[in-house]
Structures are given as structure tokens and as C-alpha cells.
Amino acid sequence: MGGLLVILFTFLIAGFAPIISPYDPGKTDVSLKLKPPSPQHYLGTDQLGRDVFSRMLYGSRVSLSVGFVAVAISILIGILVGALAGYYGGWVDSLLMRFVDVMLCFPSFFLILTVVALLGPSLFKVMVVIGITSWMGTSRFVRAEFLTLRERDFVQAARALGVKDRRIIFRHILPNALAPVFVTATLDVATAILVEAGLSFLGFGVQPPAPSWGNILTEGRTYIFDAWWLTVFPGLAILLTVLSFNLLGEGLRDALDPRLRGRR
Amino acid sequence: MGQYLIRRTLYMLITLIGISLISWVIITQAPGSPIALTLDPKVSPKIIEQMEKNYDLDKPIYQQYFLWLKRLFTGNLYSFKDGRPVMRKIGERIWNTLLLNLVAMLIIFSLAIPLGVFSARRQYSFLDNLGTLGAYLGISIPSFWLAYLLILGTVKLFGYPVLGMRSFVTEEFSTMEVVLDRLWHLMLPSIILAIGGIAALSRYTRSSMLEVVRQDYVRTARAKGLPEETVYYKHALRNALLPIITLFGFLIPGLIGGSIIMETVFAWPGIGRLAYQAVLARDYPVVMTINTITAVLVLIGNFIADILYGIADPRIRYG
Numbered sequence: 001m002g003g004l005l006v007i008l009f010t011f012l013i014a015g016f017a018p019i020i021s022p023y024d025p026g027k028t029d030v031s032l033k034l035k036p037p038s039p040q041h042y043l044g045t046d047q048l049g050r051d052v053f054s055r056m057l058y059g060s061r062v063s064l065s066v067g068f069v070a071v072a073i074s075i076l077i078g079i080l081v082g083a084l085a086g087y088y089g090g091w092v093d094s095l096l097m098r099f100v101d102v103m104l105c106f107p108s109f110f111l112i113l114t115v116v117a118l119l120g121p122s123l124f125k126v127m128v129v130i131g132i133t134s135w136m137g138t139s140r141f142v143r144a145e146f147l148t149l150r151e152r153d154f155v156q157a158a159r160a161l162g163v164k165d166r167r168i169i170f171r172h173i174l175p176n177a178l179a180p181v182f183v184t185a186t187l188d189v190a191t192a193i194l195v196e197a198g199l200s201f202l203g204f205g206v207q208p209p210a211p212s213w214g215n216i217l218t219e220g221r222t223y224i225f226d227a228w229w230l231t232v233f234p235g236l237a238i239l240l241t242v243l244s245f246n247l248l249g250e251g252l253r254d255a256l257d258p259r260l261r262g263r264r
Numbered sequence: 001m002g003q004y005l006i007r008r009t010l011y012m013l014i015t016l017i018g019i020s021l022i023s024w025v026i027i028t029q030a031p032g033s034p035i036a037l038t039l040d041p042k043v044s045p046k047i048i049e050q051m052e053k054n055y056d057l058d059k060p061i062y063q064q065y066f067l068w069l070k071r072l073f074t075g076n077l078y079s080f081k082d083g084r085p086v087m088r089k090i091g092e093r094i095w096n097t098l099l100l101n102l103v104a105m106l107i108i109f110s111l112a113i114p115l116g117v118f119s120a121r122r123q124y125s126f127l128d129n130l131g132t133l134g135a136y137l138g139i140s141i142p143s144f145w146l147a148y149l150l151i152l153g154t155v156k157l158f159g160y161p162v163l164g165m166r167s168f169v170t171e172e173f174s175t176m177e178v179v180l181d182r183l184w185h186l187m188l189p190s191i192i193l194a195i196g197g198i199a200a201l202s203r204y205t206r207s208s209m210l211e212v213v214r215q216d217y218v219r220t221a222r223a224k225g226l227p228e229e230t231v232y233y234k235h236a237l238r239n240a241l242l243p244i245i246t247l248f249g250f251l252i253p254g255l256i257g258g259s260i261i262m263e264t265v266f267a268w269p270g271i272g273r274l275a276y277q278a279v280l281a282r283d284y285p286v287v288m289t290i291n292t293i294t295a296v297l298v299l300i301g302n303f304i305a306d307i308l309y310g311i312a313d314p315r316i317r318y319g
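Residue numbers (the numbering used here), protein chains in the order written: chain Z, 1 to 264; chain V, 1 to 319.
For the record, the hints were derived by calculation from the structure and aren't laboratory data. The reader is advised that the hints may include incorrect statements.
As the list claims (entries may be wrong) - Label pairs and their computed distance ranges (CB to CB):
{"id": "1", "chain 1": "V", "residue 1": "L180", "chain 2": "Z", "residue 2": "D29", "range": "45 to 55 Å"}
{"id": "2", "chain 1": "Z", "residue 1": "T222", "chain 2": "V", "residue 2": "G91", "range": "55 to 65 Å"}
{"id": "3", "chain 1": "V", "residue 1": "V179", "chain 2": "Z", "residue 2": "F225", "range": "28 to 38 Å"}
{"id": "4", "chain 1": "V", "residue 1": "Q29", "chain 2": "Z", "residue 2": "A72", "range": "39 to 49 Å"}
{"id": "5", "chain 1": "V", "residue 1": "P269", "chain 2": "Z", "residue 2": "F225", "range": "23 to 33 Å"}
{"id": "6", "chain 1": "V", "residue 1": "S174", "chain 2": "Z", "residue 2": "D29", "range": "47 to 57 Å"}
Claimed, not checked - DSSO-like cross-link-like pairs, simulated, lysine-lysine; straight-line CA separation at most 27 Å:
{"id": "7", "chain 1": "V", "residue 1": "K59", "chain 2": "V", "residue 2": "K46"}
{"id": "8", "chain 1": "Z", "residue 1": "K35", "chain 2": "V", "residue 2": "K70"}
{"id": "9", "chain 1": "V", "residue 1": "K46", "chain 2": "V", "residue 2": "K81"}
{"id": "10", "chain 1": "V", "residue 1": "K59", "chain 2": "V", "residue 2": "K70"}
{"id": "11", "chain 1": "V", "residue 1": "K156", "chain 2": "Z", "residue 2": "K33"}
{"id": "12", "chain 1": "V", "residue 1": "K81", "chain 2": "V", "residue 2": "K59"}
In this text, a Cβ means the ideal position worked out from N, Cα and C, and glycines have one as well.
Chain Z extracted, bound-state conformation (with noise of 0.2 Å):
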């Protein structure tokens, strides 16, 4: 439950960045750089004198929809194959699972820099990439339901009426395959926020002057030394959302699943 309202926390933060934050996220001041957290400026000021605690709000903005886009691509292609993979069984599985575990071999995260480095990053394309490169988690769990799903009565009963395959697929058997998808998906926009720190770090997320949270902190890093707000606190923001998320996807693992309750 903690997770959960840290997660309306930073909605509502994001929301209203441009209400809350006291000062314009670009606007430089050079008399003003490096100044350590004070009344005036929360969380201090950046190397061009912009206050730390407005990026931080506009930031949120930036990893909270990079987490939720890239989250929604990856599901949609997930739900896809792995619904025709579960429903259609045969060769159509075989083919597309031999494609899942291909894609699992690749080290993610390297084919993912690879992608944006040379596409060139924007923070479109970072969502686009991460999304397609995280969704064979989802395609199995989604097989793994339909294989099941499809044997039940009501689903003979829908193909005996004569049911188009498509409206059985996403009409009979997806309601009931969800539960588990949105547990990953959960967990999933976790890893999207941490994947574009990471990416941020290396040069490649979104790029300056936009806030996000990764960029923050990899501005600040060159300051280390004498600036530690600027490392320590988009730091911080990262982790708590981040663990949020986990807490708030292990917290429906559970809801919706009472067989593994107190197990984990």
C-alpha cells in the first residue's frame, strides 16, 4: 500500500509541475550555480544556476512516461503473440516461441543502447525501443493462460456456436488471461525507469536541457565532489519510485493470486 501512494504521489507531482515548482526548469542563472539546498531553493541549484527542485518536478514527468509508454508498447506486442502462440498451438507456437527465446538471449539492455545509439536518441524513441525489447515476458505468461483458457468449456462452447477465432481470442479468453499481465506490467515500468536512467547515464536517454531524472543525475556526477544534491536527490527519486512500482506489482501478485500468499 506504501507503494501505491508514493506511485499518486509522483502522478500528482507530475501533474502539477508546472503549478508547484517555484521557479522555470530552464532558466539559467550563472551567479546562482552550484548553491547548496536552502529556503529558496529546496534541493539546491544546478552548474547553470537552474533550481534543482523544479527539474526534479518536470523530471517526473519524463520517467513516469517512459515507464508507462514503453510498458504499454511491450504489452500490446506481448498480449499478441503470446495469445496467438497459446491459441493457435502447433507450428505457429513453436515459430514464435523459438522467436521469444532468441530475444531473451540478446543481453537487453546492450541492444537497446545499440538501437538508440544509432537511431539517435529522443525520448520517442527510447520508449519505443525499450518497449520492444521487454515484452517476451509478458508473451509467456499470456501462452501459458490461453494453453490452459482454451481447453475450458466455455471456450468449446464459443467455437461450437461458431465463433470467429479472433472474437474467441480477445473477446472470450484475454479477459480472463489478464491478471497476470497486469503484474508484470507493474513490474515492468520499474525496469523501464531504471533501463532509461541507465541509458541517460550512458549519454543516450533524454537529452538536455529536458529534464528527466536520469539526466539530472548524470549532469550532477562531474560535481560529485562539491555538489552532492545534485547526484543525491534524482538518486533517491529514482529508487523510491522504482521500488514503489515492485512493491505495488508483488502487492497485486498477491491480490490476485491468494495461492501464493504469504509465500513470498
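Dock chain V against the given chain Z, drawing on the hints supplied.
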């Protein structure tokens, strides 16, 4: 068994070809030419043409792929950036990466399993809950951030450099001091690289233990009056560790992804950093080869895990 090994090897080869094809398409079809980066715009088109010819860039894409394969196996593959043989460039650095990853793997297994067993024995105790919290923190923390905090901390505390594989002035060091110096430099990156794995693996061990101790044979062992220690470490642990073996294979891609970041933070001269620099320079041969080598490592890891699983659990049949 023999037949299984053959089928398995064949299947690994097919997967490997799939991986190399996909990465080939991604890498070569991305916009931007490697030549544009190495030369200034004043160079005559003739020289560019010559370079394209040298790098096989003038040939159709499928031919480029086979040429890459041929050159890889005949050792004629050269880096775009400095013209040195790719295999030698990688050979110089791969041992450093393997050292880092093996030490991290060692740390993961030697810490995570006892931690998991300990938590399972004291389920819902204060220490178990602390362990759960620690595990969540471990999978949620950005590794490079932790690295910077720890670098800051150790340098301030001990005043001794931690970056690189060794200190700069090692000439007047005794053998003992050199060894200690190397270990010191290895310590931080391998520990940070291991943290995510420790968190995940200790949780798996814990839930696997909790599942096993509910089994009938554990109750039987208790009923016949065996001491608690024997029940836990001889009867339960062995069976609880079975599913852990398969995780061995799954850890490898994460470790390799992590070493790109760790090697960059700690200026560690491994293939992760080489890969990063090669990506920046669009050095296709190097990127492709490192990609393939890491895929081979992942496949070998999965393969070893499968074999170990069969040895540990005779009920598994290779069908």
C-alpha cells in the same frame, strides 16, 4: 543423453544464427554511415568509394552478412575505427570482463543462498522482513548511482583510488601489495554488479525453501527425529536448490548489461566499455562480434544450467 546433446547443440546454433541475423539487420540498417564519422567532409568521393570497398559497404546487405561471417571465422575481421583485428581487440579485454562477471557470480551464489535459507527458517521474523526490504531495495536501486555514492564514500574514508583495474604507481609495490591492489579495485564494481542478482536469487531461494519444507518427506525426516539442522541443510536445501540452478543461465544477460555501466563508471578495461565505444563510433564489426560473443555466453550459460539440472535431479529425462 547423447542424442539430446546433439539436438541441443543444433538448436543453439539455430538460435545463434537468428540472433546474429537480427542484430545484423538492426545495426546495418540504422541511419548514418560509419564513414561519415571517421572522415571530414572535404575528402573526395573517390576515397569514400575506396573505403566503402574496403569495408564491403558497397555490396548488397545479405552478402555483407556472409562476408562478416567468413571474416569472423578466418580472422580477417578488422575494426572500422583503427583497422586492428577485431578478435585481438576483444581478446585483450574479454578476460577482464569475465573476471569481473565471475567474481560477481561467485558473490551472488555464496551470499544469496545462505541469505535465502536464513530468511526461510525465520519466516516473518524481524530479520526476514529486513531481508525482504533489502531485496526490494536491491532490485530498485540504479546501479550507477550506488556506484557513485560508494566511490564518494570509499575515497573520502580511505583516500585510496578505486577507479581502473589497478593503481598507477605499482612499480615499487611488492607482489603482495600488487595482489591486494588488484583485489581492492575489483571489490566495488563486482559487489555492485552482484547486488541485483543477490536480491533476486535470495528471494527465489527463500520461496523455494518455504515450498519444500511443507512437503511430506520433510515432515517424515522431522518425525523420525532428525536434528533440525540435518532436516534443513540435507533434506530440504538440496531440493529447494533445484529451481535455483536454472536461474544461473538467466543471470548472465543481466550481468553483461550491468557490466557496460559498471565498466564505464569504474574505467574498467573490459568488453562492455569496448562495446560502448564501438557503438559510439559505429564500428559495426566490433559491435556485431561482441553482440555475438555475449549471445554465445548466454547460450552456454543456459546449456550448463540444463545439464546441471539433469545431474542434480535424476527424475529429469532428456526427451
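Here is what the structure says about each hint:
1. V:L180 with Z:D29: 45 to 55 Å: holds (48 Å)
2. Z:T222 with V:G91: 55 to 65 Å: violated (33 Å)
3. V:V179 with Z:F225: 28 to 38 Å: Since the Cβ atoms of V179 (chain V) and F225 (chain Z) sit about 29 Å apart, the hinted range of 28 to 38 Å holds.
4. V:Q29 with Z:A72: 39 to 49 Å: violated (25 Å)
5. V:P269 with Z:F225: 23 to 33 Å: holds (24 Å)
6. V:S174 with Z:D29: 47 to 57 Å: holds (54 Å)
7. V:K59 with V:K46: holds (16 Å)
8. Z:K35 with V:K70: The hint is violated at about 58 Å.
9. V:K46 with V:K81: Since the Cα atoms of K46 (chain V) and K81 (chain V) sit roughly 19 Å apart, the hinted pair holds (cutoff 27 Å).
10. V:K59 with V:K70: holds (15 Å)
11. V:K156 with Z:K33: Satisfied, since the Cα-Cα distance of roughly 24 Å is no more than 27 Å.
12. V:K81 with V:K59: With Cα atoms ~20 Å apart, K81 (chain V) and K59 (chain V) stay inside 27 Å; holds.
In terms of the numbered hints stated before, the structure departs from hints 2, 4, 8, listed from lowest to highest.
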